[in-house]
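Trainee: Below are the chains, spelled out letter by letter.
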Amino acid sequence: MKRRTFLQGTVTAGAAALAAGAGLLTPGAVMADNHGGDMAEAFKLDNLEAAMKAIGAEGAEESGDIKIKAPEIAENGAVVPVTVSTDMEGVTEIAMVVAENPTPLAAVFKLGEGSKAMASTRLKMGKTSDMVAVVKAGDKSYMAKQEVKVTIGGCGG
Amino acid sequence: MAIKLKAKEKDGVVEVKALMNHPMETGQRKDKDGNKIPAHYISEVIVQVNDKDAITANWGASISKDPYLSVEVAGKKGDKVKLSWTDNKGESDSAEADIK
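Protein sequences appear in the order of chains D and B. Each residue of the first sequence is one higher than the one before, counting from 633 in my numbering. Each residue of the second sequence is one higher than the one before, counting from -5 in my numbering.
Treat the hints loosely; a few may be bogus.
EDC-like, lysine to aspartate or glutamate: derived pairs with alpha carbons at most 16 angstroms apart [unchecked claim]: (1) LYS781(D) with GLU732(D); (2) LYS676(D) with GLU38(B); (3) LYS748(D) with ASP47(B); (4) LYS676(D) with ASP81(B); (5) LYS46(B) with ASP73(B); (6) LYS2(B) with ASP73(B); (7) LYS83(B) with GLU673(D); (8) LYS748(D) with GLU3(B); (9) LYS46(B) with GLU745(D); (10) LYS748(D) with ASP5(B); (11) LYS74(B) with GLU90(B); (12) LYS748(D) with GLU9(B); (13) LYS742(D) with ASP47(B); (14) LYS70(B) with GLU745(D).
To be clear, the hints were calculated from the coordinates, so they are not data collected in a lab.
Using the sequences and the hints given, assemble the complete structure.
Mentor: The structure is reproduced here in structure tokens:
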């Protein structure tokens, strides 16, 4: 798992370096447009790094104050219950990202006045993956992750 | 299409629970003839209390079929909760419930 993430990171970085070297736009420059605007494109991004960037969570600080409630082992990847919550002050946004899914960004919840920093839903997981939770509080992003082992994938394949 | 919506107040916090009927197709699956089934998923869900936005959610195709959602919002017994969704094909549905 760790190794796979590392390899993916290397490939992405390599591609970015190539694009930059060839005088093309870097993925970062393209993705920056998504943040704060139309979210639809962010949900179509096919790698973790781009998805995190699109929601403004690149380099988000890891925080022990974010609680992820998800099974350690999911027998059925088609329906994985996930709850993300935090006691942090001033939370405006909670996002759920499934690192290994074909399109990692799963959900972004924007909180209105008085709403608690809690969101619970059920996600599809194609295979064993880190479940990444991102919390925006003030103008900073924080993240936490938990691995969920999937025995039967949830993408109908 | 249908939505089940419940809202219950306890100690000043309103727990909203919803179940929406929707195929939530990822666009990655193939039918038995090998043709890709087009993506079809709820892309936005809005939860309102007395017509004021409490939660605005953007979703991708990773949300499970017939989505479940639970959030905690501000409100009191008798207030109106409304949940509406729109999918990537522009279809939509909504439901209302009184906070109990």
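Trainee: Now tell me, hint by hint, if it's right for this structure.
Mentor: Each hint tested on the structure:
{"no.": "1", "hint": "LYS781(D) with GLU732(D)", "in the structure": "11 angstroms, holds"}
{"no.": "2", "hint": "LYS676(D) with GLU38(B)", "in the structure": "14 angstroms, holds"}
{"no.": "3", "hint": "LYS748(D) with ASP47(B)", "in the structure": "13 angstroms, holds"}
{"no.": "4", "hint": "LYS676(D) with ASP81(B)", "in the structure": "14 angstroms, holds"}
{"no.": "5", "hint": "LYS46(B) with ASP73(B)", "in the structure": "11 angstroms, holds"}
{"no.": "6", "hint": "LYS2(B) with ASP73(B)", "in the structure": "10 angstroms, holds"}
{"no.": "7", "hint": "LYS83(B) with GLU673(D)", "in the structure": "14 angstroms, holds"}
{"no.": "8", "hint": "LYS748(D) with GLU3(B)", "in the structure": "13 angstroms, holds"}
{"no.": "9", "hint": "LYS46(B) with GLU745(D)", "in the structure": "9 angstroms, holds"}
{"no.": "10", "hint": "LYS748(D) with ASP5(B)", "in the structure": "13 angstroms, holds"}
{"no.": "11", "hint": "LYS74(B) with GLU90(B)", "in the structure": "7 angstroms, holds"}
{"no.": "12", "hint": "LYS748(D) with GLU9(B)", "in the structure": "10 angstroms, holds"}
{"no.": "13", "hint": "LYS742(D) with ASP47(B)", "in the structure": "10 angstroms, holds"}
{"no.": "14", "hint": "LYS70(B) with GLU745(D)", "in the structure": "14 angstroms, holds"}
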